[in-house]
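Asks: Here is how the chains run, residue by residue.
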Amino acid sequence: MPRLRTSYLVALALAFFLLVFLVIPVGKVIYVAFQDSSTGALTLVNFVDFFKTSLFRESFLNSLYVAGMSVLFASIIAMPLAYFTTRFNFGGSILIQTLGIVPLIMPPFVGAVAMQLFFGSNGSVNLLLDQWFGINIPFMEGLNGVILVESIHYFPFILINLSAALNNIDRSMEEAAQNLGSTGMRLFRRIVLPLAMPGYLAGASLVFLKAFDDLGTPLLLNVNNMLATQAYLRISSIGISDPMGYVISVILVIFSLFSLWVSMLASRGKDYSGGGKGSSGLLKRDMKGWEKIGAYCLIIFLLLMVLSPHISLLLLSFGTIWSYSVLPDAFTTAHYAEVFSTTRQYITNTLLYAGIAATFDVAIGVAISYVVLRTKVFGRRWLDYIATGALAVPGVVLGIGYLRTFNDFNVPIIDKPLASWWVIIVIALTIRRLPYALRACTAALHQVSLSLEEASENLGAGKTATVRKIVVPLMAGGIVAGFVTSFATATVELSATLMLVTAESDAPLAYGIYVFMQSAAGRGPGAALGLIAVLVVASGSYLAHHFIERNKRMQATSTGH
Amino acid sequence: MSLTTQVQAVRLRIEDVHISFGPTKVLQGINLEIEPGEFFAFLGPSGSGKSTLLRAIAGFGPTPQGRILINDEDIASLPPWKRDVGMVFQNYALWPHLTVQKNVAFGLEERKVPKAEIFSRVEEALDMVGLSHLADRHPSQLSGGQQQRVALARTIVVRPRLLLLDEPLSNLDANLRVQMRTDILKLQRKLGLTTIFVTHDQEEANTISDRMAVLDKGIIQQIGTPMDLYDYPENSFVAHFLGTTNMIEGEVVTVDGSAVLKAGGGLELSLLDISVDGHHGAIVFRPQSVHVNPETAASSAMNLSGTIESLEFLGSTVRYGVKVGKITVLADEDHQRGKRVYDKMEQVQLVIPQEQVLFVKA
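Sequence lines, in order, name chains G and H. Sequential numbering of the first sequence, starting at 1, is according to our numbering. Sequential numbering of the second sequence, starting at 1, is according to our numbering.
Incorrect hints may have been included.
Unchecked claim - In the DSS-like style, the derived pairs of lysine-lysine whose C-alpha atoms are separated by at most 25 Å in a straight line are:
no., chain 1, residue 1, chain 2, residue 2
1, H, Lys115, G, Lys469
2, G, Lys28, G, Lys416
3, G, Lys376, H, Lys25
4, G, Lys469, H, Lys102
5, G, Lys469, H, Lys112
6, G, Lys469, H, Lys82
Claimed, not checked - Restraint-style ranges between C-beta atoms, simulated for each label pair:
no., chain 1, residue 1, chain 2, residue 2, range
7, H, Thr182, G, Gln97, 48 to 54 Å
8, H, Lys82, G, His546, 39 to 45 Å
9, H, Gly325, G, Arg186, 51 to 57 Å
Hints are computed from structural coordinates only; laboratory data are not their basis. Using N, Cα and C, we set each Cβ at its ideal position, and we do this for glycine too.
Given these sequences and hints, build the entire structure.
Replies: Shown next, in the form of structure tokens:
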């Protein structure tokens, strides 16, 4: 049958792309980690070496410590907020929702340096504390800084998942417990908390994952004794033949896979939330006067914390000199002028790379979701698993994999190794952001009722015509949302880019921010670039949200029931 | 050619169709013949396989074994878009991104009908369902009943060989349902289309269909006109599914040369004028065939005595539950103002004319 052949061809092409640009490079990294660097034989000696070296042992423990503490602090921030919104009729809910989005529109490394000027030992906060109370708190000392930055940026993962879980709990669960005599904290501990646990775990494991393999933040804070930074430094200083970079990569992948697995397992458990509409969510009650004041104080404090990277970045980008003072000495737009006049290529490169990558992402996303959900191609689920698996591959690892795999592959015509051609950056971005686009497309296709396609076939349209005239138009909202999400997050991708940029003229924005932030003089322009990136991501996120909502509304009204 | 130009209606034959979802057998040994222009209903509870059978005719779902013939052409291996079999989906399946006009025009566009003709045919179809004034709306701006009409127009506009309706009324409220079912029947008669209608509602099937097939557990239990099936159910499922019935199960034995049903608990019923098939079975009779303390004796009747156990007032009738031995017999008595109503625990005689009793295999 012709339609079978088409779907197999598409599936094969997708499988080929994922194989060449995801499976093989990552496989290569793992293989090299187990290979003796001189003889090429398989061995565990690299891992033995790794754990014999005190610097690596320390880095390993530091990474675990930072990831664990980031989860702890993120939970401390997220839990009261989730509780307020789901348990009380509370006007501040909008504030909390804002709190839940704002940090996500800026990757942690962008604000890291600015945070140092705010919270560092000579930063604004400590200057004030010293002035008022004569104390100095080491917020940003060494690992503390990384933990602070990561938890402020990633707590929304917990907030969003936990709130959703709490909102999904069938009200009758709580009522049944009350009916049987349980109340107050006891009811919360025995019924509500266990039911919300999967949501919390799903969020917490994502925070762990993000903090564990973040490269940019520790690099910019000059904390080098962590795993991702060590991998980067080994490869960039010693070269791509040094086995330690590969060993670290394997460890990063193992931990990423593990936390992703926990997250997926936990999300699957969400199914025991109630099915009845209108009955979901906990019983809400009004806050008493003093409760309200306390809640608002806490929320405003957290809001300031969460906004501190943005505020300090803003100050830094407009400030002249900012050192040993609460605020910059004076304000100027010179940094923006400099960015636009001398390093415009960062911005244009980024728009080009992220644009191409996001386009590929949605094309691949639509194709994979269709093959998985609507055809019977053998092994189709593996396309989904592998593409989603990209989430578990830290940028550093993918970068190292590309360097190792494609260094010997000369691209004809331009006569250059693929690994040092700018196109490889685009491919890396495509692979890294594919899971986002794929999720969006799959969700969109899930919402297209199968009978809409059957109706089209019933009226004489074949598979291809049905996809073109019915499926894709109906998925449009999800496709646009997927594009925008992939685009916006690709704009600020640093870890893979850092490994793959070979010439400044080819470098994207995130790389530019990194380079600028290295020197004291570059901080102003770096912050200006950072702010531009934030604006791109913010408008992107807003658009994505807008399209998702619009799509939902359209779908909701169309089926009528 | 206008939509209402009578075309030669087709005959549908289904021969030994089996369908499985993996290891689960959904339909087994389906044989069926639907006459040209007939309005035919598939009636059965959910999970009976009625929708699966309908979808198989349209080409959806797992590939069936067996043959599905329109006139003499086997369509079982054709893809859905080559079958020319119109289907109205249970949830209407209107495309939300297209206007009513575009929804209805879709099938004609796929058939490469010239633009001008598409326009006039769409208008005619919408006219027929009384919605030409809403052509530019999107489906989300229509009520449930209007969406239903658009779905109908979208299907008939292509002049399909068959019209398949998958529980088309189940999403409408009660009043609209009655109205729509009359409208659908009128439309079908006007177009002369061979039509199959899937429903779980026996009243719907009774009122609308020429003939129907009752399905249960993937098997056709019985085929016939609604009245035939009601009066002469061939098995206990059909008897129970089409309205309330009394059923007394037991062993058939011969006592003094005539057949007797031993129902257990000492209850023995003479089967004098009833045709019996096999040794184990049941007799069935409708509650309205049971007379409570009749004044005139029937010539050939079953007589039972029991106590009133329950009574339900249904308006035109009173339904008594009468305890006879270990079983309960339902008896409907017409209700008139001032007519005597029996009390609970009252002793009564039940008389059931033998011609109203049917023996079925259990």
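Asks: With reference to the structure, classify each hint as holding or not holding.
Replies: Hint check:
1. H:Lys115 - G:Lys469: 18 Å, holds
2. G:Lys28 - G:Lys416: 21 Å, holds
3. G:Lys376 - H:Lys25: 20 Å, holds
4. G:Lys469 - H:Lys102: 11 Å, holds
5. G:Lys469 - H:Lys112: 15 Å, holds
6. G:Lys469 - H:Lys82: Judged against 25 Å, a Cα distance of about 18 Å means the pair holds.
7. H:Thr182 - G:Gln97: 48 to 54 Å: 51 Å, holds
8. H:Lys82 - G:His546: 39 to 45 Å: Because 41 Å falls inside the window, the suggested range holds.
9. H:Gly325 - G:Arg186: 51 to 57 Å: 56 Å, holds
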